[in-house]
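Sequence lines, in order, name chains A and B.
Take 0 as the starting number for the first sequence in numbering that gives the first Met the number 0 and just add one per residue.
Take 0 as the starting number for the second sequence in numbering that gives the first Met the number 0 and just add one per residue.
It is worth saying that the hints were derived from the structure and are not from the lab.
Be a bit skeptical, because a hint or two may be false.
Unchecked claim - Here are the computed distance ranges between Cβ atoms for each label pair:
1) A:I99 to B:G29: 47 to 53 Å
2) B:S16 to A:V104: 48 to 54 Å
3) A:P299 to B:M67: 31 to 37 Å
4) A:L90 to B:G29: 46 to 52 Å
5) B:I37 to A:T28: 37 to 43 Å
6) B:M67 to A:F215: 30 to 36 Å
As the list claims (entries may be wrong) - In silico EDC-like pairs for lysine to aspartate or glutamate, Cα to Cα no more than 20 Å straight-line:
7) B:K76 to A:D225
8) B:K65 to A:E266
9) A:K6 to B:D68
10) B:K51 to A:D289
11) A:K44 to B:D53
12) B:K65 to A:E15
13) B:K30 to B:D8
14) A:K6 to B:D13
15) B:K76 to A:E266
16) B:K76 to A:E277
17) A:K44 to B:E46
18) B:K30 to A:E15
19) A:K6 to B:D71
20) A:K279 to B:D68
21) B:K76 to A:E263
22) A:K98 to A:D130
23) B:K76 to A:E270
24) A:K326 to A:E270
25) A:K83 to B:D68
26) A:K199 to B:E35
27) B:K65 to A:E280
28) A:K83 to B:E35
29) B:K55 to A:D289
30) B:K76 to A:E280
31) B:K65 to A:E263
32) A:K279 to B:E46
33) B:K65 to A:E277
Predicted model, so just to flag it, every value in this text is computed and none were measured.
Heads up, the beta-carbon is just placed ideally off N, CA and C, and yes, glycines get one too.
What follows is the residue order along each chain.
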Amino acid sequence: MDKNYLKMGPHDVGGEESLPIDTTDNNMTHWEKYANALRIVVSSKRIITLDELRYHTEALGDQYFEIGYFERNCLSLHNICIQKGIYDMELFQKIKSKKISEFDVPIVDLPDVATINHIHDGKPHLHNVSDFQEDESGDGPPDYYFDTLAIAQIFIDQGLITNDDIALKIEQFDNVFPNRGKAVVAKAWHDNLFKEELIKDAKKAISDIGIELETFADIICMPQTDTVHHIVVCTLCSCYPRTLLGMPPSWYKSRSYRSRVVHEPREVLAEFGTIVPESKEIKVHDSNADMRYLILPPRPSNTEDLSEQELSKLVERDYLVGVRLPK
Amino acid sequence: MDSKFKINDEVIVDSRSSTGHCRTPAYIRGKKGIIERICGRFPNPEEIALCKKDPKIVTLYRCRFKQMDVWDNYSGKDSDTIELEIYEHWLNDA
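Go ahead and model the full structure; you've got the sequences and the hints to work with.
Okay, here's the thing in structure tokens:
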């Protein structure tokens, strides 16, 4: 590997040596979903553009990999707002304190069971420890969630966005977007004509079946074949066809995946349990600008009798990024 | 405006350094490939990031590179390729 090139910044990781990939996908917490939804609402309404957000995330320097993905996205949004004068620190702190106080619930000492002895139906009634449970346990939300809530509240107060905008995005990311890609692939498995249209012009083919993607980007569909294995990465950030597949899995956003796929795709694929024979070409797609990618996996064997609906249940997200193949 | 390059043209990604936001990863700068397709014309992200009014509209290409030409000691196969999207102002004639 050429070690002499100059990286643009902490985000420009393509080609780095890095650690093995944690291929499990961690489910998102509510605050991660909220932070993601706010970012998408703000950028889709063009209040702040995606490229501005990326620029300010890249400018975090050493902090970039020291804090988590959603935290750094929140911090860059905040920095832009301050720089552009959308709000000042005084207003921000005031709203944030208010948001924190809404989470303040009085801590009530649980009763000592040994001292409780009261009468039920005329008989002494003893209690067990298990009768008294905390409603919640574990840590509360991270500090950046309050930052996110404060930023959202200021945008709402300024009439730029609404609570419903954020709620809708959370709902779409949970229940709408992830199903679209699966439906599209099931249709392509079932309908050869649609498959051809999809490969020719994916965004149009998807629109023609009534799915209007809320995105400025174009979609390119690459079919897996007997001779070529396709795999997608974004080495600069986490570009992903979100309105077609939902949120990218945690490994897709990881430094390891982003660094390594471009220069050792076979090794990375093996970590996902995908062994690509030497006879096959591996084609890596760095989703680094305005295109988004959908990998079309081969239809699983012995599924000739299945309906489109039944086929859609066999489509897994990992196939559509190219890290795994159906059996 | 016509695109400067057409499909299968040989190109070299400019090896200059950049400041600010840019979508040309360092690892591909100075590397030689071919035009895979013309994606269309898009506002220059380098200018959008700086909130410039009326950012320049530039042609975006998908470029194909042989992995052997991108990495010293690439461990995979000769036929392995990598494809990226590169804006016209980052491409030179090979």
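Hints, one by one, checked against the model:
no. : hint                        : in the structure
1   : A:I99 to B:G29: 47 to 53 Å  : holds (50 Å)
2   : B:S16 to A:V104: 48 to 54 Å : holds (53 Å)
3   : A:P299 to B:M67: 31 to 37 Å : holds (33 Å)
4   : A:L90 to B:G29: 46 to 52 Å  : holds (47 Å)
5   : B:I37 to A:T28: 37 to 43 Å  : holds (42 Å)
6   : B:M67 to A:F215: 30 to 36 Å : holds (35 Å)
7   : B:K76 to A:D225             : holds (16 Å)
8   : B:K65 to A:E266             : holds (18 Å)
9   : A:K6 to B:D68               : holds (19 Å)
10  : B:K51 to A:D289             : holds (18 Å)
11  : A:K44 to B:D53              : holds (17 Å)
12  : B:K65 to A:E15              : holds (18 Å)
13  : B:K30 to B:D8               : holds (14 Å)
14  : A:K6 to B:D13               : holds (14 Å)
15  : B:K76 to A:E266             : holds (12 Å)
16  : B:K76 to A:E277             : holds (7 Å)
17  : A:K44 to B:E46              : holds (19 Å)
18  : B:K30 to A:E15              : holds (17 Å)
19  : A:K6 to B:D71               : holds (17 Å)
20  : A:K279 to B:D68             : holds (18 Å)
21  : B:K76 to A:E263             : holds (11 Å)
22  : A:K98 to A:D130             : violated (32 Å)
23  : B:K76 to A:E270             : holds (18 Å)
24  : A:K326 to A:E270            : holds (17 Å)
25  : A:K83 to B:D68              : violated (43 Å)
26  : A:K199 to B:E35             : holds (14 Å)
27  : B:K65 to A:E280             : holds (11 Å)
28  : A:K83 to B:E35              : violated (39 Å)
29  : B:K55 to A:D289             : holds (15 Å)
30  : B:K76 to A:E280             : holds (7 Å)
31  : B:K65 to A:E263             : holds (13 Å)
32  : A:K279 to B:E46             : violated (40 Å)
33  : B:K65 to A:E277             : holds (16 Å)
The structure shown violates the earlier hints numbered 22, 25, 28, 32.
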